[in-house]
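Q: Here is how the chains run, residue by residue.
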Amino acid sequence: MAGTSTDGADAPYWANLSDGRLSMQCCQGCGDWKWPAVTRCGRCGTDEPQWRELPFEAVVFSWTKVHYAFGGTDGIAAPYITVLAALPQAGNRRLFGLFEGDETQLDFDLPLVGRASTTRFGSIDIPSIRWRLA
Amino acid sequence: MAKGIYGKAAVAGIGMLQFKRGQSPLSERKALVQAIVKACEDAGLHPSEVDGFVSYGDDRSNEPPRLMPELGTKELHFATQVWSGGGGGLLGGFELAAMAIATGHAKAVIVFRALVEGSTGRLATAVSEHHVNQHYAGVGMMAIAPLFAIRARRLAKQCPFIPAAVEALVQADYYHAARNPEALAYGRPFDIEDYRQSRWIAEPFHLYDCSRESDGAAAVLLVSAEHARDLKAKPIHMLGANFGAPAGWGDLLENDEDFSRNGFSVTARRLWEQTGLGPKDIDVTQIYENFSYQSVLALIEFGLTSYEAAAEDIRFDNLIAPSGKMPVNTAGGNLAGGFIHGMDVVIEAIRQLRGDSANPVPDARTCLVTGGPGAPSSSAIFANEMP
Chain A
1 MAGTSTDGAD APYWANLSDG RLSMQCCQGC GDWKWPAVTR CGRCGTDEPQ WRELPFEAVV
61 FSWTKVHYAF GGTDGIAAPY ITVLAALPQA GNRRLFGLFE GDETQLDFDL PLVGRASTTR
121 FGSIDIPSIR WRLA
Chain B
1001 MAKGIYGKAA VAGIGMLQFK RGQSPLSERK ALVQAIVKAC EDAGLHPSEV DGFVSYGDDR
1061 SNEPPRLMPE LGTKELHFAT QVWSGGGGGL LGGFELAAMA IATGHAKAVI VFRALVEGST
1121 GRLATAVSEH HVNQHYAGVG MMAIAPLFAI RARRLAKQCP FIPAAVEALV QADYYHAARN
1181 PEALAYGRPF DIEDYRQSRW IAEPFHLYDC SRESDGAAAV LLVSAEHARD LKAKPIHMLG
1241 ANFGAPAGWG DLLENDEDFS RNGFSVTARR LWEQTGLGPK DIDVTQIYEN FSYQSVLALI
1301 EFGLTSYEAA AEDIRFDNLI APSGKMPVNT AGGNLAGGFI HGMDVVIEAI RQLRGDSANP
1361 VPDARTCLVT GGPGAPSSSA IFANEMP
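Chains as they are written, first to last, in the numbering used here: chain A, 1 to 134; chain B, 1001 to 1387.
What the hints contain is simulated information worked out from the structure, not anything from laboratory work.
Honestly, I wouldn't trust all of these hints.
To be verified - To give an idea of the interface, some chain A residues facing chain B are shown, with a C-beta separation under 7 Å as derived from the structure: (1) L54; (2) F56; (3) V66; (4) H67; (5) Y68; (6) Y80; (7) L98; (8) F108; (9) I124; (10) R130.
Stated by the list, open to error - On the chain A side, residues computed to face chain B include the following (Cβ under 7 Å): (11) W33; (12) T64; (13) F70; (14) L84; (15) S117; (16) T119; (17) I126.
What the hints assert, rightly or not - Cut-off 35 Å, straight-line C-alpha distance, at most; resulting in silico cross-link-like pairs (DSBU-like, lysine-lysine): (18) B:K1003 with A:K65; (19) B:K1157 with A:K65; (20) B:K1003 with B:K1234; (21) B:K1232 with B:K1280.
Fair warning: this is a prediction, and the values are worked out from it, not measured in the lab.
Each residue gets a CB set at the ideal place from its N, CA and C atoms; glycine is no exception.
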């Protein structure tokens, strides 16, 4: 799997999420929120943009209900819903998560709250977010 | 903008072998070698004269030096492929081939793609492996279909005309495929209710929104325009081809700028600059389709219609040959014709301009071909005479 290492630019994200905390990168040079994580801000040239802790609060940007059991999803029983959530407190950068709760109410731009969880993938547990409607 | 490759290279031969997925009687290597030999025979050029090879989409099995013993290659001068895991690189391969020919670095270049599941596994798996990382694996996004489905849902919210346009495109693809003996859906009656009732893959994608992955191989032989005049087949000129992505697009964990667009802006603009042509000069279009929703946007982003006029223009009767004003995917496209990672649409562009299409567009002189959506992407214009 590409980019699975935990020593890449996003290592703090994984470490914090494993600890139940959400964090993303915000450039101390220009204030731009960065996602995916980077080693250098392409906008202003600052090295190593800082990590900031965020509340698990977002709005629904989009989602899909997956019906087909794609390989590698054994740890998630199909059908399941994956949400792409925009974080207003992080420049509306988007993060994935699995949706839990009442899907009949799911719609664009509704507020979400999240929690840290894990997803079984092969022999490992990958930290991942669960979003539900606020 | 340099017009350095304008008209410099021409397609002199094509070869394609296509089978249902998982049913190729040939190994991937054998299918590829046969496709290359077919393309050379089509041109009347001995396969040993081919001195350049280009592929795209993470071909990990068919490194050109390994093909040399089977082709009898006399000299190899050029062997490369385009970065990007999907079909975004499709026409970038033709750009590279034309650059090599225009600069004299190679004389006869094959652009190819080969996929045989029994030899190298599913294409969908290979493309997923290129893109998928821990961020995706943790939320069940293990394939490109659900990723593009998330984008598609947002696209449809921002552009409410899209679902109807998608139905028109799918219907046009199946209409053309039903009349094309080489299409996987040849002879298959297709009703739009078949589409609507088909099973969900990842909402809003039904089964028929997804490309029909094939087994097989396809090869296109390019030589200089002068050389092509001396060969057997009618030369099809390459007026322009390029590859690229605008700012705000890339492999960005679904943080690409705007899902109501598809990152085609750079390649579209450069194509018109390279060729001096505009959307009104295009007689027929072949669109790379991984999934229907994103692909239909190509018609807008390349200016064949607009966001405002799309609801009126992207209608079934407008999209079909011979009578439509904006004919697309005249072999059935990747949804209904077949999918050797998009090479099918290039092969059809050449057939259409030679007058050999199963669904001919009367007096077609130019054909636009667009690459995989979601930047980087690529595009090209082919013509059966120099404008």
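Q: Take the hints in turn and mark each one as holding or not.
A: For each hint, the structure was consulted:
1. Violation of the interface hint for L54 (chain A) is found here, the shortest Cβ-Cβ separation to chain B being roughly 15 Å, above the 7 Å cut-off.
2. Evaluation of the F56 (chain A) hint against chain B yields a violated restraint, the C-beta minimum of about 15 Å exceeding 7 Å.
3. With a least beta-carbon distance of about 5 Å to chain B, the hint placing V66 (chain A) at the interface is held under the 7 Å criterion.
4. For H67 (chain A), the suggested interface contact is upheld, since its CB lies about 4 Å from the closest CB of chain B, less than 7 Å.
5. Hint on Y68 (chain A) holds. Least Cβ distance to chain B is approximately 5 Å, under the 7 Å limit.
6. Proximity of Y80 (chain A) to chain B holds as hinted, the smallest CB-CB distance being about 6 Å (cut-off 7 Å).
7. Annotation: interface hint on L98 (chain A) holds; nearest CB of chain B at approximately 5 Å, less than 7 Å.
8. Hint status for F108 (chain A) relative to chain B: holds, with the closest Cβ pair at about 6 Å, below 7 Å.
9. Hint status for I124 (chain A) relative to chain B: violated, with the closest Cβ pair at about 9 Å, above 7 Å.
10. Using the Cβ-Cβ criterion of 7 Å, the hint placing R130 (chain A) at the interface with chain B is not satisfied: the shortest such distance is roughly 9 Å.
11. Nearest Cβ of chain B to the Cβ of W33 (chain A): about 10 Å, over the 7 Å cut. The hint is violated.
12. Taking 7 Å as the C-beta cut-off, the interface hint given for T64 (chain A) holds, the closest approach to chain B being about 4 Å.
13. The closest approach between the C-beta of F70 (chain A) and any C-beta of chain B is roughly 4 Å, which is under the 7 Å cut-off, so the hint is satisfied.
14. About 5 Å separates the beta-carbon of L84 (chain A) from the nearest beta-carbon of chain B, less than 7 Å, and the hint is met.
15. About 9 Å separates the beta-carbon of S117 (chain A) from the nearest beta-carbon of chain B, more than 7 Å, and the hint is not met.
16. Proximity of T119 (chain A) to chain B holds as hinted, the smallest CB-CB distance being about 5 Å (cut-off 7 Å).
17. Hint on I126 (chain A) holds. Least Cβ distance to chain B is approximately 4 Å, under the 7 Å limit.
18. The suggested pairing of K1003 (chain B) with K65 (chain A) is violated, with an alpha-carbon distance near 46 Å, which exceeds 35 Å.
19. With a C-alpha separation of about 16 Å, the suggested pairing of K1157 (chain B) with K65 (chain A) holds against the 35 Å cut-off.
20. Restraint check for K1003 (chain B) and K1234 (chain B): the C-alpha separation of about 23 Å stays at or below 35 Å, so the hint holds.
21. Restraint check: the Cα-Cα separation between K1232 (chain B) and K1280 (chain B) comes to about 31 Å, which is no more than 35 Å; the hinted pair holds.
This entry does not satisfy hints 1, 2, 9, 10, 11, 15, 18, going by the numbered hints stated previously.
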